[in-house]
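Peer 1: Just so you know, the protein sequences line up as chains V and R, in that order.
Counting from 1, one number per residue, gives the positions in the first sequence under my numbering.
Counting from 1, one number per residue, gives the positions in the second sequence under my numbering.
Please note: incorrect hints may appear among the correct ones.
[Stated by the list, open to error] In silico lysine to any residue, SDA-like type, Cα no more than 20 Å apart, as pairs:
#1 V:K30 x R:A66
#2 V:K30 x R:G68
#3 V:K30 x R:T72
#4 V:K30 x R:F63
#5 V:K30 x R:V77
#6 V:K30 x R:R67
[What the hints assert, rightly or not] If you want the footprint, here are the derived chain V segments under chain R, 3+ residues with CB under 8 Å:
#7 18-30
#8 49-55
#9 190-199
No wet-lab data here; the hints were simulated from the structure.
Every residue, glycine too, gets a C-beta built ideally from N, C-alpha and C.
What follows is the residue order along each chain.
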Amino acid sequence: MSAEDRDIAGEYVLGTLPHADRIAFSARLKTDPALQSLVADWEARLADLNDEYAPAEAPDLLPAIEARLFPKPARRWPLWLGGLIAAAAVMVGALYLPPILSPDAPTVIARLGEPDAALRFEALHDGEALIVQRVAGAAPPSDRAHEAWLIAPGAAPVSLGLIGAEPLRVPYPDPPQGWTLAVSLEPAGGSPVGAPTGPVLAAGEINL
Amino acid sequence: MDDPVADLLIRCAAQDRTAFRALYAATSAKLMGVLLRMLQDRHEAEEALQEVYTRIWLRAQRFDPARGRGMTWVIAVARHLAIDRLRARPIATEEADYEHIPDSTPRAESRLVALGEARRIVDCFGTLEPARAAALRGAYLDGLSYADLANRHSVPLNTMRTWLRRGLMALRDCMDGQR
Chain V
1 MSAEDRDIAG EYVLGTLPHA DRIAFSARLK TDPALQSLVA DWEARLADLN
51 DEYAPAEAPD LLPAIEARLF PKPARRWPLW LGGLIAAAAV MVGALYLPPI
101 LSPDAPTVIA RLGEPDAALR FEALHDGEAL IVQRVAGAAP PSDRAHEAWL
151 IAPGAAPVSL GLIGAEPLRV PYPDPPQGWT LAVSLEPAGG SPVGAPTGPV
201 LAAGEINL
Chain R
1 MDDPVADLLI RCAAQDRTAF RALYAATSAK LMGVLLRMLQ DRHEAEEALQ
51 EVYTRIWLRA QRFDPARGRG MTWVIAVARH LAIDRLRARP IATEEADYEH
101 IPDSTPRAES RLVALGEARR IVDCFGTLEP ARAAALRGAY LDGLSYADLA
151 NRHSVPLNTM RTWLRRGLMA LRDCMDGQR
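Could you build all of it, start to finish, from the sequences and the hints given here?
Peer 2: What follows is the structure, encoded as structure tokens:
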């Protein structure tokens, strides 16, 4: 670790790092454990200042937040019926199937981009996580990144992370039917402002 | 050390939604306080609060209790989101807004000392020149940029940057020296 990095980590935590430097630093931070601990050290050093933030009553935004994160499945079997079916499935499974069914095989839940587009992405779900990967087209130039966003109807996009050579994997037990997935072109390291800043390269709706 | 917020974050990382509700109950007033003070706008703070908890849920796996306390981590998520939003604002708005920020420094400081907490950082702030300590607080607590702070203290931008970088170094030496 360099003394320079340690000082920059301090400015990053303080919040004063100039915009361009902040973008560059955030990008390095995502993959550099040494930098992450420098930042954690500064967060801990300055944490006592947090006592000066006076608590303010927050409205109960939990329903809205939960609706974003955990959308209800479109329909549900009555509990007893679900139980019966599950029990029957277990019996049938015990008789006929080898016991290797978890996690589920990934299924495609959204296609981002028209079928003939040069750049296309796909979202899959394996019962535990959402997986977003590039299926056609080139990786972005080295100073840019492909960032994936999840957009609830009428809500602001929420970043899921960056899509690199490896597929992006985000724990997400119940993928939300009808929500939009999009990929935008961002500076390396991702959008510095928590919202898309570059052009949308591909988008598609989740269809379970 | 007993850290109930850290326990809740660890359960959130394991997809425990009950823990997420408990986390909201335990931390939302504090995070609302952070966002209101930094963004100076209730509507935007409420919108940001939703985004903060969405991020907390999606990133809970990155929380490492060995590196710090749970409350410090969730406040960091809220502060960084607020700073990103402030920097994305047109500069004129930032300058217009900062006049409204109440300066609660002396009261808060004596309260911290009275609580027996944060004595170290308060002591170390005491070793800095008052104007530099005030600039550091304005940056951390209110999310002020170098430009805001340079205006406020009537010094050139580069001078302000030097103040804050040296201030951080002095704080670090002071605090690490007391360990």
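Peer 1: If a hint holds in the structure, say so; if it doesn't, say that too.
Peer 2: Right, here's what the structure says about each hint:
With a CA separation close to 18 Å, the supplied pair V:K30 and R:A66 stays within the 20 Å bound. For the hint linking V:K30 to R:G68, the alpha-carbon distance of about 18 Å falls within 20 Å, and the restraint holds. Of the pairs offered as hints, the one joining V:K30 and R:T72 holds, with about 19 Å between alpha carbons and a cut-off of 20 Å not exceeded. Pair hint V:K30 plus R:F63 holds up; C-alpha atoms about 13 Å apart against a cutoff of 20 Å.
Between V:K30 and R:V77 the alpha-carbon distance is near 14 Å, which keeps this suggested pair within the 20 Å criterion. Pair hint V:K30 plus R:R67 holds up; C-alpha atoms about 16 Å apart against a cutoff of 20 Å. For the stretch 18-30 of chain V, the proposed coverage by chain R is satisfied: 3 residues have a C-beta within less than 8 Å of a C-beta in that chain, meeting the threshold of three. Beta-carbon proximity to chain R at under 8 Å applies to 7 residues in the stretch 49-55 of chain V; the threshold of 3 is reached and the given coverage holds.
Here the stretch 190-199 of chain V counts 4 residues with a CB under 8 Å from a CB of chain R, which clears the bar of 3, and the coverage holds.
Of the numbered hints given earlier, the model fails none.
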